[in-house]
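Protein chains in written order, with my numbering: chain A, 13 to 383; chain B, 13 to 383.
Just so you know, the hints here were simulated from the structure itself, not pulled from any lab data.
Treat the hints with care, since some could be wrong.
The list treats identical chains as one, so a pair stands whether inside a single copy or across any two.
No farther apart than 25 Å at their CA atoms in a straight line, the calculated lysine to aspartate or glutamate pairs in the DMTMM-like style are these [what the hints assert, rightly or not]:
{"no.": "1", "residue 1": "Lys195", "residue 2": "Glu182"}
{"no.": "2", "residue 1": "Lys212", "residue 2": "Asp353"}
{"no.": "3", "residue 1": "Lys311", "residue 2": "Asp365"}
{"no.": "4", "residue 1": "Lys206", "residue 2": "Asp179"}
{"no.": "5", "residue 1": "Lys311", "residue 2": "Glu253"}
{"no.": "6", "residue 1": "Lys206", "residue 2": "Asp320"}
{"no.": "7", "residue 1": "Lys311", "residue 2": "Asp82"}
{"no.": "8", "residue 1": "Lys206", "residue 2": "Asp187"}
{"no.": "9", "residue 1": "Lys311", "residue 2": "Asp362"}
{"no.": "10", "residue 1": "Lys311", "residue 2": "Asp26"}
{"no.": "11", "residue 1": "Lys206", "residue 2": "Glu182"}
{"no.": "12", "residue 1": "Lys212", "residue 2": "Asp365"}
{"no.": "13", "residue 1": "Lys206", "residue 2": "Glu310"}
Listed below are the residues making up each chain.
2 protein chains.
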Amino acid sequence: MSIAPGLLPEGLRDRLPPQAEAGSRLLHRVIVAIGRHGYARVSPPLAEFEEGLVGRLKSARAQDLLRFVDPVSQRTLALRPDITAQVGRIAATRMGHRPRPLRLAYGGPVLKLRATQLRPERELTQAGAELIGTDSLAAVIEILRVAIEALTVAGVTGITVDLTLPDLVEALATDVLPIAADKVDAVRARLDAKDAGGLKALSAEAYLPFVAAAGPIDSALAALRAIPAGQALGHRITAIEAIREAIGNDVTLTLDPTERHGFEYQSWIGFSLFGAGLSGEIGRGGSYTILNPDGSEEKAIGFSLYIDPLVDNGLGVVARNTVFLPLGTDPAAGAALRAEDWTTIAALSDTDDAAALGCTHILAGDGPRPI
Amino acid sequence: MSIAPGLLPEGLRDRLPPQAEAGSRLLHRVIVAIGRHGYARVSPPLAEFEEGLVGRLKSARAQDLLRFVDPVSQRTLALRPDITAQVGRIAATRMGHRPRPLRLAYGGPVLKLRATQLRPERELTQAGAELIGTDSLAAVIEILRVAIEALTVAGVTGITVDLTLPDLVEALATDVLPIAADKVDAVRARLDAKDAGGLKALSAEAYLPFVAAAGPIDSALAALRAIPAGQALGHRITAIEAIREAIGNDVTLTLDPTERHGFEYQSWIGFSLFGAGLSGEIGRGGSYTILNPDGSEEKAIGFSLYIDPLVDNGLGVVARNTVFLPLGTDPAAGAALRAEDWTTIAALSDTDDAAALGCTHILAGDGPRPI
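This is chain A alone, in the form it adopts within the complex (with noise of 0.2 Å):
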């Protein structure tokens, strides 16, 4: 069976102008953000050795991977389906003897085996930072800040942070608000579900205040400020005050103290980030933990966001001043328009038409006329 001429596999697609440029010009605008805060760029590539790439990879996406033979290694290979555990590596290696915290930054295209309801496509575009070395509060608040001016930058408003606490069950757990060790992950769950029925089918009710305290940053704080769980929860809420204190002016914040499902390899603290007008997560992170080639482990935090949800919703698409060159225009005369900010559109031949190729402008005698 023979393939229609341009017909694509599904979940892979063209990008057309503008949304193609679109799409380069706000990759480029979200890692020159990143990097001004000192974050230094790494490149890894598209195919890894695939048991090196799954060890790295949180279990979930290892069912993600597009996997091939490849012919030169005679090894299985994997396309990236997530450039942060590269980043990790090349942390934990190349660059494992560098002073921490090290700041990288990364931006590229992705590729999953799976497209998800929420996003139809199988190839996107990947950017972030990640801090390694560190994930104190300081860090927390530094990534988040980071998270939003690129946000920013790519032109997304009224921008919300969920803040999420992955691991505060695990660590009452065991101590101040006990479940027996067999029954934890049940509880997670019935708490990600908001089921205070299965809580209670469970003998979790001192959890079920948990339940009431998600929602905008005040209320949250102000419920979970009433559960008498000790330090470790008291820990926490003062970190998510000293968040609500730092960005709290700048983004909307809500909390929900559980929630657990996507967070599944976050430690202390996880966040997903939402635009107005943008339906869906459009970027997430949190902090974690990187393995090194000795064995041990050291402590990090990063964000990474897509940018192909931005670019479906219009951003990043910017009206250029185009100008027809007539023929013979002296070539040094289109060098000074483009010069000047001006897009450029030389004649061919003498049956070039200013209109249909787009120009907003011709070149006349005194400059560029509006078409």
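With chain A held as given, fit chain B onto it using these hints.
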């Protein structure tokens, strides 16, 4: 057998700071410069149906494909070894109805099955421009000017453009300097090898003067003018003279009229691009035909270049003024410095070491102070 942590497959590599940023910066500069001439960006996917991609690739490149079976479509996909073929597909299908001449630009990673001795990487960043709907002399001159400007903004100096006339022998062989159809390929091969003895053995002595007509543009043109080969050659001489007139003052021009190797799929003109201090070809292009879905053909001309050899030669690295923000610095002060083109690195703890983190300055009461 397990793989050492951090080991990458042959031909795939990490770009670290500052080269990763240099690569990103050069790609951006090149794409922006091309865009200024009215070339609109398109972004085709990293992978396509193998069948569709092979049909549009020059056959030599079909051997370069990394293939895999896509579990979703149950078909063989191939990673693109070249973006030009994809741009041709877009021009012929999704943008087939757009007015001509159609100007398209592209930039992104490509993946090849095998490295070459000249370039050990299997993943490269390719960028370029395609002008679709004409391969006239005016189109050639525009494409050459855009290519030269793209290299110039990337920091390449001492640019040499090597011109060739890929279908010249074919044109002469059926007419003014006849060769039997079954000997044309052999004559071309001997001309490529500059093998005078081989040409004599093929009774193709009439082509001997072309061997001598390779070299600097003026002497090559003088030698060509002395060859009695009618209009087919005369038209091409006139075109080369016009190209010399248009760009001969900006770059070094050479001509090898019968060079064919690597230009098998180019029509009347082809060119290679070189830069001072850069080993080997850094870009190439020429005229060609695009196959439309209805079987018709369309003339086109374009060029592409690789960012990697430029980065490997140190181009694109920009020294940054990086200022360390001591603990407690007002975030607004950091933002103000970044707006003034500073890179900032904020202290996250009192053990952070400004010099070790690569800072050139420390923020003091009166502003950044050199370390």
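So, going through the hints one by one against the coordinates:
1. Taking the shortest Cα distances, Lys195 and Glu182 sit within 25 Å of each other inside one copy (11 Å), while across copies they are farther apart (80 Å).
2. Proximity of Lys212 to Asp353 under the C-alpha cut-off of 25 Å is found in neither arrangement, the shortest distances being 66 Å within a copy and 57 Å between copies.
3. Taking the shortest Cα distances, Lys311 and Asp365 sit within 25 Å of each other only across copies (18 Å), while inside one copy they are farther apart (60 Å).
4. When the C-alpha separation of Lys206 and Asp179 is checked against a cutoff of 25 Å, the pair qualifies only within one copy, where the shortest distance is 17 Å, while the shortest distance between copies is 72 Å.
5. With identical chains, the CA atoms of Lys311 and Glu253 are at most 25 Å apart within one copy only, with a shortest distance of 22 Å there and 65 Å across copies.
6. Taking the shortest alpha-carbon separations for Lys206 and Asp320, neither the intra-copy value of 31 Å nor the inter-copy value of 52 Å comes in at or below 25 Å.
7. In the homo-oligomer, the alpha carbons of Lys311 and Asp82 never lie at most 25 Å apart, since the shortest distance is 34 Å inside one protomer and 36 Å across protomers.
8. Taking CA atoms no more than 25 Å apart as the test, Lys206 paired with Asp187 passes inside one copy only; the shortest distance there is 22 Å, against 84 Å between copies.
9. For a Cα distance limit of 25 Å, the shortest separation of Lys311 from Asp362 across copies, 17 Å, qualifies, whereas the shortest one inside one copy, 65 Å, does not.
10. For a Cα distance limit of 25 Å, the shortest separation of Lys311 from Asp26 across copies, 22 Å, qualifies, whereas the shortest one inside one copy, 39 Å, does not.
11. Proximity of Lys206 to Glu182 under the C-alpha cut-off of 25 Å is restricted to the intra-copy arrangement: shortest distance 17 Å within a copy versus 76 Å between copies.
12. Taking the shortest alpha-carbon separations for Lys212 and Asp365, neither the intra-copy value of 74 Å nor the inter-copy value of 51 Å comes in at or below 25 Å.
13. Neither within a single protomer nor between protomers do Lys206 and Glu310 lie at most 25 Å apart by alpha-carbon distance, with minima of 33 Å and 61 Å respectively.
Violated hints for the displayed structure, listed by number in ascending order: 2, 6, 7, 12 and 13.
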